[in-house]
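Protein chains: 2
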Amino acid sequence: MAKIKDLSFGVCFAGSIALNIFFVTNNLFGIYENKQLSWSQRAGAEAEAVAAVSCSGHGRAYLDGLVVDRKPVCECNTCYEGPHCSHFLPDCAADADSGDPLFLEPFWMQNAESSALLVAGWHRMSYVFGDQSSMSQELQKHILKVHSNARNAITKGKYLVFGVGSTQLLSAAVFALSLNSSSPARVVAESPYYPVYKTQTDFFETVHFEFKGDALLMKNTSDSAGNVIEFVTSPNNPDGNLRKAVLQGVSVNAIYDHAYYWPHFSAIPAPADEDIMIFTISKLTGHAGSRFGWALVKDKDVYLNMQKYVSLAEFSISRDTQLRALQLLKVVLKGDGREIFHFAYEKMRDRWEKISQTVSLSKRFTVQDIPPQYCNFFEKVRGPSPAYIWLKCEREEDTNCSAVLLAANIIGRSGSLFDAEDRYVRLSLLKSDDDFNLLLYRLKELVSKEGGADTL
Amino acid sequence: MAKIKDLSFGVCFAGSIALNIFFVTNNLFGIYENKQLSWSQRAGAEAEAVAAVSCSGHGRAYLDGLVVDRKPVCECNTCYEGPHCSHFLPDCAADADSGDPLFLEPFWMQNAESSALLVAGWHRMSYVFGDQSSMSQELQKHILKVHSNARNAITKGKYLVFGVGSTQLLSAAVFALSLNSSSPARVVAESPYYPVYKTQTDFFETVHFEFKGDALLMKNTSDSAGNVIEFVTSPNNPDGNLRKAVLQGVSVNAIYDHAYYWPHFSAIPAPADEDIMIFTISKLTGHAGSRFGWALVKDKDVYLNMQKYVSLAEFSISRDTQLRALQLLKVVLKGDGREIFHFAYEKMRDRWEKISQTVSLSKRFTVQDIPPQYCNFFEKVRGPSPAYIWLKCEREEDTNCSAVLLAANIIGRSGSLFDAEDRYVRLSLLKSDDDFNLLLYRLKELVSKEGGADTL
Numbered sequence: 001m002a003k004i005k006d007l008s009f010g011v012c013f014a015g016s017i018a019l020n021i022f023f024v025t026n027n028l029f030g031i032y033e034n035k036q037l038s039w040s041q042r043a044g045a046e047a048e049a050v051a052a053v054s055c056s057g058h059g060r061a062y063l064d065g066l067v068v069d070r071k072p073v074c075e076c077n078t079c080y081e082g083p084h085c086s087h088f089l090p091d092c093a094a095d096a097d098s099g100d101p102l103f104l105e106p107f108w109m110q111n112a113e114s115s116a117l118l119v120a121g122w123h124r125m126s127y128v129f130g131d132q133s134s135m136s137q138e139l140q141k142h143i144l145k146v147h148s149n150a151r152n153a154i155t156k157g158k159y160l161v162f163g164v165g166s167t168q169l170l171s172a173a174v175f176a177l178s179l180n181s182s183s184p185a186r187v188v189a190e191s192p193y194y195p196v197y198k199t200q201t202d203f204f205e206t207v208h209f210e211f212k213g214d215a216l217l218m219k220n221t222s223d224s225a226g227n228v229i230e231f232v233t234s235p236n237n238p239d240g241n242l243r244k245a246v247l248q249g250v251s252v253n254a255i256y257d258h259a260y261y262w263p264h265f266s267a268i269p270a271p272a273d274e275d276i277m278i279f280t281i282s283k284l285t286g287h288a289g290s291r292f293g294w295a296l297v298k299d300k301d302v303y304l305n306m307q308k309y310v311s312l313a314e315f316s317i318s319r320d321t322q323l324r325a326l327q328l329l330k331v332v333l334k335g336d337g338r339e340i341f342h343f344a345y346e347k348m349r350d351r352w353e354k355i356s357q358t359v360s361l362s363k364r365f366t367v368q369d370i371p372p373q374y375c376n377f378f379e380k381v382r383g384p385s386p387a388y389i390w391l392k393c394e395r396e397e398d399t400n401c402s403a404v405l406l407a408a409n410i411i412g413r414s415g416s417l418f419d420a421e422d423r424y425v426r427l428s429l430l431k432s433d434d435d436f437n438l439l440l441y442r443l444k445e446l447v448s449k450e451g452g453a454d455t456l
Numbered sequence: 001m002a003k004i005k006d007l008s009f010g011v012c013f014a015g016s017i018a019l020n021i022f023f024v025t026n027n028l029f030g031i032y033e034n035k036q037l038s039w040s041q042r043a044g045a046e047a048e049a050v051a052a053v054s055c056s057g058h059g060r061a062y063l064d065g066l067v068v069d070r071k072p073v074c075e076c077n078t079c080y081e082g083p084h085c086s087h088f089l090p091d092c093a094a095d096a097d098s099g100d101p102l103f104l105e106p107f108w109m110q111n112a113e114s115s116a117l118l119v120a121g122w123h124r125m126s127y128v129f130g131d132q133s134s135m136s137q138e139l140q141k142h143i144l145k146v147h148s149n150a151r152n153a154i155t156k157g158k159y160l161v162f163g164v165g166s167t168q169l170l171s172a173a174v175f176a177l178s179l180n181s182s183s184p185a186r187v188v189a190e191s192p193y194y195p196v197y198k199t200q201t202d203f204f205e206t207v208h209f210e211f212k213g214d215a216l217l218m219k220n221t222s223d224s225a226g227n228v229i230e231f232v233t234s235p236n237n238p239d240g241n242l243r244k245a246v247l248q249g250v251s252v253n254a255i256y257d258h259a260y261y262w263p264h265f266s267a268i269p270a271p272a273d274e275d276i277m278i279f280t281i282s283k284l285t286g287h288a289g290s291r292f293g294w295a296l297v298k299d300k301d302v303y304l305n306m307q308k309y310v311s312l313a314e315f316s317i318s319r320d321t322q323l324r325a326l327q328l329l330k331v332v333l334k335g336d337g338r339e340i341f342h343f344a345y346e347k348m349r350d351r352w353e354k355i356s357q358t359v360s361l362s363k364r365f366t367v368q369d370i371p372p373q374y375c376n377f378f379e380k381v382r383g384p385s386p387a388y389i390w391l392k393c394e395r396e397e398d399t400n401c402s403a404v405l406l407a408a409n410i411i412g413r414s415g416s417l418f419d420a421e422d423r424y425v426r427l428s429l430l431k432s433d434d435d436f437n438l439l440l441y442r443l444k445e446l447v448s449k450e451g452g453a454d455t456l
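Protein chains in written order, with the UniProt record's numbering: chain H, 1 to 456; chain A, 1 to 456.
Note that these hints are calculated values from the structure, not bench results.
Idealized CB from N, CA, C, for every residue including glycine.
Among these hints, one or two may not hold up.
[Unchecked claim] Label-pair ranges, simulated between beta-carbon atoms:
| no. | chain 1 | residue 1 | chain 2 | residue 2 | range |
| --- | --- | --- | --- | --- | --- |
| 1 | A | Pro271 | H | Val250 | 31 to 41 Å |
| 2 | A | Pro271 | H | Glu346 | 54 to 64 Å |
| 3 | A | Gly337 | H | Leu406 | 42 to 52 Å |
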């Protein structure tokens, strides 16, 4: 009896010891795997809790979002409401006005782990980096690598300037090119062009430059004496066509706005190699809110003047933004560095095909023609995948095309804003899936009613 | 004997069971505390690994810092080198040139947990927040609360504008105040003044304004017709004195630069209540690299014009920077919301006392006089704690004071940069402990040699 008792006692003891060994090993292993975070634990838990707030796929809670009863609440996509954004508003307009690049949000949700970033309280408090510059060397290296992967720009022999989005760099380039001008430089762009070229140049109204409208008009008047600065957007916003400068000559300088020169939006026939090329993370990764852009500049003096502009306007580009951009570009370069381009191209092409198929059934509307072209990145001929539809109202009486669309509950951007006729309207293909789906639905509805309207 | 064996066996068994209970409880507790993070785990572990790199307290490794063999390496403070920054360079100059606010870095190391921030890959990709604005409402609320705690500004009845540091807002305010001017507005500031007022205004060189130097000269010439814009820095950079506008009149507008109007640097006699007041996180929390500032503006048109400037220059302020600023201000407001002010004041006062005590032994040098004053925040009379020493070389032959200091291995900023005599030099008290200690050491050395030099 005592032996049995001893035996069972021994078995229990051995079991208990084994369990101890398991726990100790497990904890050691945990520590080794660094599963038990220290000071970063709270921030991670907070971010995960916010991300876990359910918004029915039609909204999102944010760390810096609205807080009710100390809990983050959903911010709903356009046309959705309710505490979980589950209620669709049937009469809501399809808003295709802005170039908000939310089409890439699902990519970042899919890459949650690799794109997460923990910022320490003491991160980069100084005005300068260790090398006394205000530009992260690591970020510079990553930008060059992304261009090399995308095969869209020749970076060798160029200087890099960082800016608060490409917006700031447009202005910096105009200042830099006109500083030593004896008479005011004339700033032009071929119509239809991105409205900011005009509004920005007009607002700053310096003694050094003035906006003079359509580059083609200047070409035709052959009045090309004095310093001229031409904005060239390629692919173009609004119509997605690849462009070259209209004006030539020793006193003409071109600023190439390559915001959309990525495999998402256009064939890349060859790496661009212009003297001043401006890029932005907004349209590459979709992070418009981060306000980060860069310029590749060939001439040293122009580069120095652009740096001086950024420095006098605001010293330098936020270290928090530079760190974020670096983390995002690390994800862009992950693996073979092609994943984001494939994801983005598929989505943009799919959207374009759906829209252009719908419009092809219409006699009232047409869209721009973008020929298939050989793409250096995909190494094959590829079809269009533009960021915007440049829609034309073909009926004689439809002189105000955005009003025609508005009557059908679609918000677009009028042609006149791009220095074109109001017979044109720009519709954004860049926004969220919700926005795009509603736009497509409303367009289909509009086209389907065409026959009826014709007979009225 | 058997009883003793049984007893010891029993004790071992009980111990083993107790250990198991401990592990089970601990693990359950761990799960309850959400210690096992999911997608944020990697980012936290990476940040902690970088923070754990040993740099001997004389340097720091950063997430976006230099990488050697895939490992982050130390960036050393001035005058230190080696893989762990442990080697002091004895002949290295004490650099007191810039206003880099690294004196607050230890505060953020102490508040590692509460200040850490995890940014998700999809954070605020849009151009706008949920309310269609580009300014975080939560951040606005926190800014107002920080002012209320610090008792340094009346925010009621004022509009808020965000900027890329205060630097951008200085320019935005000048544009806003001069947009509708019939003749160019004349921009002035009382000497000695912060050099950026001149360099920035000169660079932008618009048709709307021009820099005209010392406000006192304009007052004396009584030529005050037309639009005048006066920069008033209070407390002043370089000398720390509280200031009021020199010029008065219906056509005079003052821009109050209150970068240093915090209990760290000055007594707060009363909350400021000016029409345009500019603040920056650089000198409040020490995050100069984040480039975030704000303006409190009374007049609606001026506010709208400043918004327009920011919008045309670069759309809006980085969402990453706004999120970071929010997290930092949450820490500032933690508990009774006074901790950072106490920490910062103690450190600045200590530095000032050490330096002024040293200089008081000298006949060759003097420092500015800052009278003790009642402080609304501390609710008592308090002594000086300025951001800078405004040092004067008193010997007739020492007309170039910064050269005198440079010969003693101290780098300062010459008086002429502030539109003052070169008999003055500005020395920064804001930098890291290493920088300050070396400055104090070199100054002591210089003063101690005075007697000897006098007899030469």
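So, going through the hints one by one against the coordinates:
1. A:Pro271 - H:Val250: 31 to 41 Å: Given about 59 Å between the Cβ atoms, the range is violated.
2. A:Pro271 - H:Glu346: 54 to 64 Å: holds (57 Å)
3. A:Gly337 - H:Leu406: 42 to 52 Å: holds (49 Å)
Going down the numbered hints, you'll see the structure goes against just number 1.
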